[in-house]
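Enquirer: Each chain, letter by letter, is given below.
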Amino acid sequence: MVPRSEIPAIALEVRDLRMRYGTRDVLSGVTFTAERGEVLALLGPNGAGKTTTIEILEGFRARSAGAVSVLGTDPARGNEAWRARLGVVLQSWRDHKFWRVRELLAYLARFYAPFATADVARPWEVDELIGVVGLAMSAHARIGTLSGGERRRLDVAIGIVGRPEIVFLDEPTAGFDPHARRDFHDLVHRLSDLENTTILMTTHDLDEAEKIADRILVLDEGRIIAAGSADELARDLTTPAEVRWTCGGRRHVHAVREGDPTTFVRDLLSQNPDVTELEVRRASLEDSYMALVRRAQLRQFASGGEPGAPAANSPEVQA
Amino acid sequence: MSATAVRDPRWAAVRAGLYCGWIETRQAYTQPASLLFYLTVRVMYAVALVWMRGKTVPGTHFALGAMVLPSLLGMSIAFGGLAGPATAIAYDREDGTLLRAKATPNGMLGYLIGKIMKFALTTLIGIFLMVIPGIIVADDLVFDARTWLMLALIFVAGMMSTVPIALALGALMKSTVQSMMVILAVVLLIAPSGIFYPLTALPPWMQWVGQAFPLYWVGLGARSAMLPAQMAGAEIGASWRSVQTFSVLGLWAVIGMLLAPTLLRRMARRQSGSALAKVRERVMSKGY
Numbered sequence: 031m032v033p034r035s036e037i038p039a040i041a042l043e044v045r046d047l048r049m050r051y052g053t054r055d056v057l058s059g060v061t062f063t064a065e066r067g068e069v070l071a072l073l074g075p076n077g078a079g080k081t082t083t084i085e086i087l088e089g090f091r092a093r094s095a096g097a098v099s100v101l102g103t104d105p106a107r108g109n110e111a112w113r114a115r116l117g118v119v120l121q122s123w124r125d126h127k128f129w130r131v132r133e134l135l136a137y138l139a140r141f142y143a144p145f146a147t148a149d150v151a152r153p154w155e156v157d158e159l160i161g162v163v164g165l166a167m168s169a170h171a172r173i174g175t176l177s178g179g180e181r182r183r184l185d186v187a188i189g190i191v192g193r194p195e196i197v198f199l200d201e202p203t204a205g206f207d208p209h210a211r212r213d214f215h216d217l218v219h220r221l222s223d224l225e226n227t228t229i230l231m232t233t234h235d236l237d238e239a240e241k242i243a244d245r246i247l248v249l250d251e252g253r254i255i256a257a258g259s260a261d262e263l264a265r266d267l268t269t270p271a272e273v274r275w276t277c278g279g280r281r282h283v284h285a286v287r288e289g290d291p292t293t294f295v296r297d298l299l300s301q302n303p304d305v306t307e308l309e310v311r312r313a314s315l316e317d318s319y320m321a322l323v324r325r326a327q328l329r330q331f332a333s334g335g336e337p338g339a340p341a342a343n344s345p346e347v348q349a
Numbered sequence: 039m040s041a042t043a044v045r046d047p048r049w050a051a052v053r054a055g056l057y058c059g060w061i062e063t064r065q066a067y068t069q070p071a072s073l074l075f076y077l078t079v080r081v082m083y084a085v086a087l088v089w090m091r092g093k094t095v096p097g098t099h100f101a102l103g104a105m106v107l108p109s110l111l112g113m114s115i116a117f118g119g120l121a122g123p124a125t126a127i128a129y130d131r132e133d134g135t136l137l138r139a140k141a142t143p144n145g146m147l148g149y150l151i152g153k154i155m156k157f158a159l160t161t162l163i164g165i166f167l168m169v170i171p172g173i174i175v176a177d178d179l180v181f182d183a184r185t186w187l188m189l190a191l192i193f194v195a196g197m198m199s200t201v202p203i204a205l206a207l208g209a210l211m212k213s214t215v216q217s218m219m220v221i222l223a224v225v226l227l228i229a230p231s232g233i234f235y236p237l238t239a240l241p242p243w244m245q246w247v248g249q250a251f252p253l254y255w256v257g258l259g260a261r262s263a264m265l266p267a268q269m270a271g272a273e274i275g276a277s278w279r280s281v282q283t284f285s286v287l288g289l290w291a292v293i294g295m296l297l298a299p300t301l302l303r304r305m306a307r308r309q310s311g312s313a314l315a316k317v318r319e320r321v322m323s324k325g326y
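Protein sequences appear in the order of chains E and A. 96 is the number that the numbering used here gives to position 66 of the first sequence; each next residue is one higher, with no gaps. 58 is the number that the numbering used here gives to position 20 of the second sequence; each next residue is one higher, with no gaps.
A portion of the hints provided could be inaccurate.
[Stated by the list, open to error] Okay, the calculated beta carbon distance ranges per label pair:
no.: 1; chain 1: A; residue 1: Gln216; chain 2: E; residue 2: Arg265; range: 52 to 60 Å
no.: 2; chain 1: E; residue 1: Ala106; chain 2: A; residue 2: Ile170; range: 22 to 30 Å
no.: 3; chain 1: A; residue 1: Arg307; chain 2: E; residue 2: Ala285; range: 50 to 58 Å
no.: 4; chain 1: A; residue 1: Lys212; chain 2: E; residue 2: Ala285; range: 49 to 57 Å
[Said to hold, decoys possible] Capping the alpha-carbon separation at 25 Å, the derived lysine to any residue pairs in SDA-like fashion look like this:
no.: 5; chain 1: E; residue 1: Lys127; chain 2: A; residue 2: Val281
no.: 6; chain 1: A; residue 1: Lys324; chain 2: E; residue 2: Asp304
no.: 7; chain 1: A; residue 1: Lys212; chain 2: A; residue 2: Asp130
no.: 8; chain 1: E; residue 1: Lys127; chain 2: A; residue 2: Gln65
no.: 9; chain 1: A; residue 1: Lys316; chain 2: E; residue 2: Ile173
no.: 10; chain 1: E; residue 1: Lys127; chain 2: A; residue 2: Thr125
no.: 11; chain 1: A; residue 1: Lys316; chain 2: E; residue 2: Asp207
no.: 12; chain 1: A; residue 1: Lys140; chain 2: E; residue 2: Gly102
no.: 13; chain 1: A; residue 1: Lys140; chain 2: E; residue 2: Trp129
no.: 14; chain 1: E; residue 1: Lys241; chain 2: E; residue 2: His215
no.: 15; chain 1: A; residue 1: Lys324; chain 2: A; residue 2: Met146
no.: 16; chain 1: A; residue 1: Lys316; chain 2: E; residue 2: Gln327
no.: 17; chain 1: A; residue 1: Lys324; chain 2: E; residue 2: Gln330
no.: 18; chain 1: E; residue 1: Lys127; chain 2: A; residue 2: Arg45
no.: 19; chain 1: E; residue 1: Lys127; chain 2: A; residue 2: Phe100
no.: 20; chain 1: A; residue 1: Lys316; chain 2: E; residue 2: Ser58
no.: 21; chain 1: A; residue 1: Lys316; chain 2: E; residue 2: Gln330
no.: 22; chain 1: E; residue 1: Lys127; chain 2: A; residue 2: Met146
no.: 23; chain 1: A; residue 1: Lys140; chain 2: E; residue 2: Thr147
For the record, the hints were derived by calculation from the structure and aren't laboratory data. It should be emphasised that the depicted structure is a prediction, and the values quoted were computed from it without experimental measurement. Don't be surprised by glycine CBs; every beta carbon is placed ideally from N, CA and C.
Taking the hints into account, I'd like the entire structure generated from these sequences.
Expert: So this is what it looks like as structure tokens:
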């Protein structure tokens with residue numbers, strides 16, 4: 031829709047990112063890149079370090095070590111012109127409640143007008159934007175009277191009012207009903223397809239990450255343990271396949287740790303003609319991810335609270 | 039919104055801030071709850087003035103109400119400049135308004151301009167509303183060119199000596215509950231401020247406390263603007279002490295402007311989504 035020739039092909043580059051509180055690393059060796067127009071989901075259980083990562087990229091938090099570049103700029107040194115090219119969708123909750131929807135968008139839009147370029151018309155035309163996020167009926171409603179879903183749509187509208195080149199969303203669909211969730215997914219696709227906007231969102235919902243993202247990064251204990259499309263993750267994350275069979279009245283179990291269990295099954299059948307009750311089972315991506323989440327919960331439980339969060343300066347609290 | 043000729047980002051932020059101040063002023067006078075608050079205070083002042091009708095300043099034939107009205111006006115300026123900003127900043131931090139400003143290019147500049155504009159406008163409207171009950175005692179007051187000039191100067195000096203320091207104090211407070219302590223302190227300071235009771239009748243140590251803060255001086259300035267010259271006799275040193283008034287207010291303005299940017303920046307640096315989520319958890323579990 032808008033040619034954005036001045037933007038480099040790589041919108042986001044993170045190399046060996048480390049975040050340390052006291053003696054504990056909440057992020058270590060986090061490395062990934064995002065291309066222009068790509069939708070990336072940062073998936074992980076609570077306490078994995080998702081919010082910390084996204085806050086470092088937004089320039090709201092200083093990192094301990096590593097190289098980070100957002101639209102070619104280190105967020106720790108980003109100026110206001112850099113900020114104007116960024117969209118941040120906050121997990122807000124009750125700010126500006128006496129304002130009307132259109133008033134607040136028109137107010138925030140004013141800040142972006144001087145940052146318009148020949149290629150990027152800034153800000154977004156307010157009434158058009160209100161239509162895009164589906165708030166036309168509530169344009170003149172007081173923000174305090176919006177429903178939870180409407181409020182989130184407003185938050186998204188505020189995040190993109192400056193026509194950002196990259197948008198950060200932290201748990202954008204928390205508290206959405208399925209319908210609102212689908213509308214939101216449509217909006218994300220529209221942004222990435224039509225506007226060529228790069229999108230990084232955090233979620234702890236695998237299903238959502240699969241639906242929305244071009245690529246998923248799985249974060250656990252401050253490390254990226256798997257990355258790729260949903261199919262690639264399924265290969266990386268899943269447990270060994272289990273082959274079970276009965277032979278001579280006895281039940282056998284064998285775990286195939288490497289590769290395809292087909293070879294093992296073919297050999298098994300050719301060598302033992304009286305094999306019955308053959309079963310090949312492989313944990314689904316969902317099973318593997320749920321195992322990860324359960325492990326994180328156990329850790330949390332064992333450490334008696336938030337996962338390793340230093341009491342005074344908790345790195346991540348998720349609602 | 040059209041991308042008109044605004045090319046300078048900081049100027050765009052200042053203009054956005056003025057727009058914000060105007061919208062929030064309108065809200066203050068159209069929201070039932072806050073309108074009730076603003077009107078209640080004015081009605082209380084009016085009742086006090088009506089009640090004082092026929093009474094005179096002890097030992098003189100001067101209407102007591104005429105003596106109190108300028109003092110109330112001064113108090114409105116100082117209270118409006120202190121209480122509003124100190125609590126607003128704590129509220130805005132806890133509800134995410136400040137984080138929103140931080141995520142917007144030059145958003146903090148727009149936010150500060152908006153707040154200053156809002157408190158200046160609401161205080162100004164409050165002052166004009168006080169003129170209405172003031173008609174009761176207008177015969178004893180002086181209204182000439184000097185009155186208006188002096189009132190304008192006192193208004194500007196009063197806002198400058200209170201808003202920055204109040205923003206700085208608000209930035210120091212960790213929660214809305216703590217920021218209420220600032221209001222409490224301001225209310226306590228009204229006692230030795232010469233507004234309801236002449237400072238000369240208080241023990242010397244209270245006179246010193248009163249004279250250390252802007253409240254007394256804004257009231258004194260307002261009295262000097264609206265009362266006949268002979269009434270200066272009731273003040274400390276039998277003088278309006280205009281030089282001292284502007285010196286003390288100027289000093290508070292300088293202290294405020296030195297402290298406010300540093301403390302606001304420090305507070306803004308600590309704003310993040312996770313800090314906000316922590317506040318939300320606290321509010322959800324404790325209710326405040």
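Enquirer: Tell me if the straight-line CA distance from lysine 127 of chain E to glutamine 65 of chain A falls inside 25 Å.
Expert: holds (11 Å)
Enquirer: Just to be careful, I want the Cα atoms of lysine 316 of chain A and serine 58 of chain E compared with a cutoff of 25 Å; is the pair within it?
Expert: Holds, because 24 Å separates the two Cα atoms, which is no more than 25 Å.
Enquirer: Lysine 127 of chain E and arginine 45 of chain A were given as a pair; does the straight-line alpha-carbon distance stay at or below 25 Å?
Expert: The given pair, whose Cα atoms are some 30 Å apart, is violated under the 25 Å limit.
Enquirer: For the pair supplied as a hint, lysine 324 of chain A and methionine 146 of chain A, is the alpha-carbon distance within the 25 Å limit?
Expert: violated (30 Å)
Enquirer: Between lysine 140 of chain A and glycine 102 of chain E, is the straight-line Cα distance small enough, at 25 Å or below?
Expert: holds (20 Å)
Enquirer: So if I understand the rule, the pair passes when the alpha-carbon distance is 25 Å or less; does lysine 316 of chain A with aspartate 207 of chain E pass?
Expert: Distance ~24 Å between lysine 316 of chain A and aspartate 207 of chain E Cα, so the pair holds.
Enquirer: Has the given pair, lysine 127 of chain E with methionine 146 of chain A, been kept, meaning a C-alpha gap of at most 25 Å?
Expert: Given that 25 Å is the threshold and the Cα spacing comes to 19 Å, the pair holds.
Enquirer: Mind checking the alpha carbons of lysine 140 of chain A and threonine 147 of chain E for me, to see if they're no more than 25 Å apart?
Expert: The hint holds at about 22 Å.
Enquirer: Given the hinted pair lysine 212 of chain A and aspartate 130 of chain A, is their Cα-Cα distance within 25 Å?
Expert: Judged against 25 Å, a Cα distance of about 12 Å means the pair holds.
Enquirer: Measure nothing beyond the straight line between the CA atoms of lysine 324 of chain A and glutamine 330 of chain E; if it is 25 Å or shorter, mark the hint as holding.
Expert: holds (23 Å)
Enquirer: Between lysine 316 of chain A and glutamine 327 of chain E, does the CA-CA distance stay at or below 25 Å?
Expert: holds (19 Å)
Enquirer: When you check the alpha-carbon spacing of lysine 127 of chain E and threonine 125 of chain A, does it fall within 25 Å?
Expert: This hinted pair holds, its Cα atoms lying about 16 Å apart.
Checked against the numbered hints given earlier, the structure breaks hints 2, 5, 6, 15, 18, 19 and satisfies all the rest.
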